[in-house]
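Which chain is which? The protein sequence lines are A and B, in order. Using my numbering, you'd call the opening residue of the first sequence number 1 and step up by one each time. Using my numbering, you'd call the opening residue of the second sequence number 1 and step up by one each time.
To be clear, the hints were calculated from the coordinates, so they are not data collected in a lab. Virtual Cβ for every residue (Gly too), placed ideally from N, Cα, C. Treat the hints with care, since some could be wrong.
Stated by the list, open to error - Simulated crosslink set (EDC-like; lysine to aspartate or glutamate; CA at most 20 angstroms straight-line):
| no. | chain 1 | residue 1 | chain 2 | residue 2 |
| --- | --- | --- | --- | --- |
| 1 | B | K78 | A | D226 |
| 2 | B | K63 | B | E75 |
| 3 | A | K365 | A | E85 |
| 4 | B | K63 | A | E85 |
| 5 | B | K63 | A | D226 |
What the hints assert, rightly or not - What follows is a set of in silico ranges between Cβ atoms, one per label pair, in the way DEER data are often shown:
| no. | chain 1 | residue 1 | chain 2 | residue 2 | range |
| --- | --- | --- | --- | --- | --- |
| 6 | B | Q60 | A | I272 | 33 to 43 angstroms |
| 7 | B | S31 | A | T409 | 36 to 46 angstroms |
| 8 | B | N90 | A | H318 | 21 to 31 angstroms |
| 9 | B | R22 | A | T122 | 19 to 29 angstroms |
| 10 | B | S31 | A | H458 | 18 to 28 angstroms |
| 11 | A | Q93 | B | P92 | 50 to 60 angstroms |
| 12 | B | Q60 | A | Q142 | 27 to 37 angstroms |
| 13 | A | H318 | B | R22 | 29 to 39 angstroms |
| 14 | A | S47 | B | Q60 | 29 to 39 angstroms |
| 15 | B | N90 | A | R421 | 47 to 57 angstroms |
Each chain, written out:
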Amino acid sequence: MNSAIALPLIAATAPDVLVAFDDTRSFDAAHFVRSVRALALRMPSPSANAAVLNMCTNRYQFAVGFGAALVRGLPTLMPASHSAETLSQLRTQFPDVVLFTDGAEGLAVANDLPRVDAISLTATEGAQNADNFSVPMIDAAQLAAYVFTSGSTGLPTPHAKHFGALVQNARAEGERFGMSDAPNVAQVSVVGTVPPQHMYGFETTVLLPLMNGHAFYAGRPFFPLDVAQSLAAAPAPRMLVTTPVHLRAICAHPEPMAELAHVISATAPLDIALAEQAEAYFRAPLSEVYGCTEAGQVATRRTLDGDTWQTYANVQIHPNSDGTATVSGGHVETPVILSDFVRVEDSTHFALLGRTADMINIAGKRVSLAYLNHHLLMIEGVKDGSFFWPDHNEAETLQRLVAFVVAPTLDRAQLRAALARIVDSAFMPRPIFWVDQLPRNSTGKLTRASLQALYETHKNPTAPNR
Amino acid sequence: MPDLASPAQTPFESEIAALIVRSLSLDVAASDVAPEAPLYGEGLGLDSIDILELALAIAQTYKVQTEAGDPKNLEIYKSLRALAAHVAANRPVA
Numbered sequence: 001m002n003s004a005i006a007l008p009l010i011a012a013t014a015p016d017v018l019v020a021f022d023d024t025r026s027f028d029a030a031h032f033v034r035s036v037r038a039l040a041l042r043m044p045s046p047s048a049n050a051a052v053l054n055m056c057t058n059r060y061q062f063a064v065g066f067g068a069a070l071v072r073g074l075p076t077l078m079p080a081s082h083s084a085e086t087l088s089q090l091r092t093q094f095p096d097v098v099l100f101t102d103g104a105e106g107l108a109v110a111n112d113l114p115r116v117d118a119i120s121l122t123a124t125e126g127a128q129n130a131d132n133f134s135v136p137m138i139d140a141a142q143l144a145a146y147v148f149t150s151g152s153t154g155l156p157t158p159h160a161k162h163f164g165a166l167v168q169n170a171r172a173e174g175e176r177f178g179m180s181d182a183p184n185v186a187q188v189s190v191v192g193t194v195p196p197q198h199m200y201g202f203e204t205t206v207l208l209p210l211m212n213g214h215a216f217y218a219g220r221p222f223f224p225l226d227v228a229q230s231l232a233a234a235p236a237p238r239m240l241v242t243t244p245v246h247l248r249a250i251c252a253h254p255e256p257m258a259e260l261a262h263v264i265s266a267t268a269p270l271d272i273a274l275a276e277q278a279e280a281y282f283r284a285p286l287s288e289v290y291g292c293t294e295a296g297q298v299a300t301r302r303t304l305d306g307d308t309w310q311t312y313a314n315v316q317i318h319p320n321s322d323g324t325a326t327v328s329g330g331h332v333e334t335p336v337i338l339s340d341f342v343r344v345e346d347s348t349h350f351a352l353l354g355r356t357a358d359m360i361n362i363a364g365k366r367v368s369l370a371y372l373n374h375h376l377l378m379i380e381g382v383k384d385g386s387f388f389w390p391d392h393n394e395a396e397t398l399q400r401l402v403a404f405v406v407a408p409t410l411d412r413a414q415l416r417a418a419l420a421r422i423v424d425s426a427f428m429p430r431p432i433f434w435v436d437q438l439p440r441n442s443t444g445k446l447t448r449a450s451l452q453a454l455y456e457t458h459k460n461p462t463a464p465n466r
Numbered sequence: 001m002p003d004l005a006s007p008a009q010t011p012f013e014s015e016i017a018a019l020i021v022r023s024l025s026l027d028v029a030a031s032d033v034a035p036e037a038p039l040y041g042e043g044l045g046l047d048s049i050d051i052l053e054l055a056l057a058i059a060q061t062y063k064v065q066t067e068a069g070d071p072k073n074l075e076i077y078k079s080l081r082a083l084a085a086h087v088a089a090n091r092p093v094a
């Protein structure tokens, strides 16, 4: 990446371009730039150990915080979970981290971090009149964010995202969804049910609109009725950015919602029946986005068009001999091996054939079984144990992990409390089975088949065994 | 984890507790859900995805829609008792 290139913080070139809105207020580019510059003055000095942990619930506040960190020269941290254990590891890696929050989020687990408060959305910070509107320029090579994956040995692994790559990623997504030519295309209102701190939410509900001149809804509608109200507040054309879990709840909603131009889903595979139902409900095409924390999003497909995914501009995919594949090029800063088995059709098209065994994805949160097992075995009183992802054929309910433990001195409440300190709630096993021993083979290994058999013998009766 | 200090479940609370345990495949018996214990985070240990699943099950079973904001702060999902009271008060009559 050429370090001489500077890129505008946002694509909007006029002060009155809408950046974000909620049910009663709208925030234009002038407001955004003014807020970013005012907040940047309150951010700490840049140093190798300094970073911003942005835990804002409000999407506009999150975007202002991200922009202010960039203007100040600080990276934003995006940990995979906000558990106490993760945050304490984060502080070891970034001793001068500050917490940026707009409410109670983060205070329970990080209340002793130095804190920068969010801007007041009603007050006008640092007056700047529209005549001298100028968008801050950011070096393309500037470190913009660290996203994290759980390493197999316990410590979260940071992956650096540079500003130029994030912009390129957002522009590639804009191009794919016909949004790259604003203001020559109608401004799209992006409404997201996913948090901005998650890579998919960050890219599609924050960067996609910001870097292509579109607008986003500042709130995070959660229940179907909230989604209906948010869409009603959004000027057409509208795009809904969501997940299979939310789509299932939304499609069961008895009332129709505002017309959409596009539905986007990611974090887990969408089954065809739900895709059909969602397209019929919203009278709009539904596209899935595929990506991972390390590479960001790399491909899309319209679910009803078939199994083939098409990569973003300049992103290429190449098969590996073990059935996985590597993506590179475009915004992908260093080649990344995907954690799925893939059938590569050509360098820009592929089909997904299933996850590699060690990686688990629940509601968009990804973790390796090795990481979970490592932590399970560290708990005092656990003599042996293993998480397990059972074969699952009910598309109806969200699948959860289960765990087997040899822990004669621990009861359920004690073990759950110990696990809650170290694993994200999404990975909390349901249920935990107490066993006398695990079916380890002569080399001490556990096979999937033996754990599945153990699961079959324990899953019924349903009464908890401790 | 039965909490002996908590008052017992009413019949309707038992019905809601059974729905919670069934729809979320929870690791507890329905009769062990303490009426006043928090559903979210501590207590039953539900996360936001569970609350969404539960809202869907409540909507389908009792025709009661959940609305408004942050699922973590939602009064009606504070406890089994609060949820049962909300459903009882808002379900359509016949």
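Pair hint outcome, K78 of chain B versus D226 of chain A [Cα-Cα no greater than 20 angstroms]: Within the cut-off at roughly 19 angstroms; holds.
Given hint D226 of chain A paired with K63 of chain B - CA-CA distance at most 20 angstroms: holds (16 angstroms)
Pairwise beta carbon distance, Q93 of chain A to P92 of chain B, judged against the given window 50 to 60 angstroms: The hint (50 to 60 angstroms, Cβ to Cβ) holds, given that Q93 of chain A and P92 of chain B are roughly 53 angstroms apart.
Hint consistency between K365 of chain A and E85 of chain A [alpha-carbon to alpha-carbon, up to 20 angstroms]: holds (16 angstroms)
Agreement of K63 of chain B and E75 of chain B with the hint, judged by alpha carbon distance not exceeding 20 angstroms: Distance of about 19 angstroms is within 20 angstroms: holds.
Outcome for the supplied range 36 to 46 angstroms, where the beta carbon pair is S31 of chain B and T409 of chain A: violated (26 angstroms)
Satisfaction of the hinted span 47 to 57 angstroms by the C-beta atoms belonging to N90 of chain B and R421 of chain A: At 37 angstroms between Cβs, range violated.
Status of the given 29 to 39 angstroms range, CB of Q60 of chain B versus CB of S47 of chain A: Given about 53 angstroms between the Cβ atoms, the range is violated.
Hint consistency between K63 of chain B and E85 of chain A [alpha-carbon to alpha-carbon, up to 20 angstroms]: It is violated: about 40 angstroms lies between the C-alpha atoms, which goes past 20 angstroms.
Cβ separation of Q60 of chain B and Q142 of chain A, checked against the hinted range 27 to 37 angstroms: violated (49 angstroms)
Range agreement (Cβ of H458 of chain A with Cβ of S31 of chain B, hint 18 to 28 angstroms): holds (21 angstroms)
Pairwise beta carbon distance, H318 of chain A to R22 of chain B, judged against the given window 29 to 39 angstroms: Violated, since H318 of chain A and R22 of chain B (Cβ atoms, about 46 angstroms apart) do not stay within the stated range.
Hints 4, 6, 7, 8, 9, 12, 13, 14, 15, counting from the list given before, are not met by this structure.
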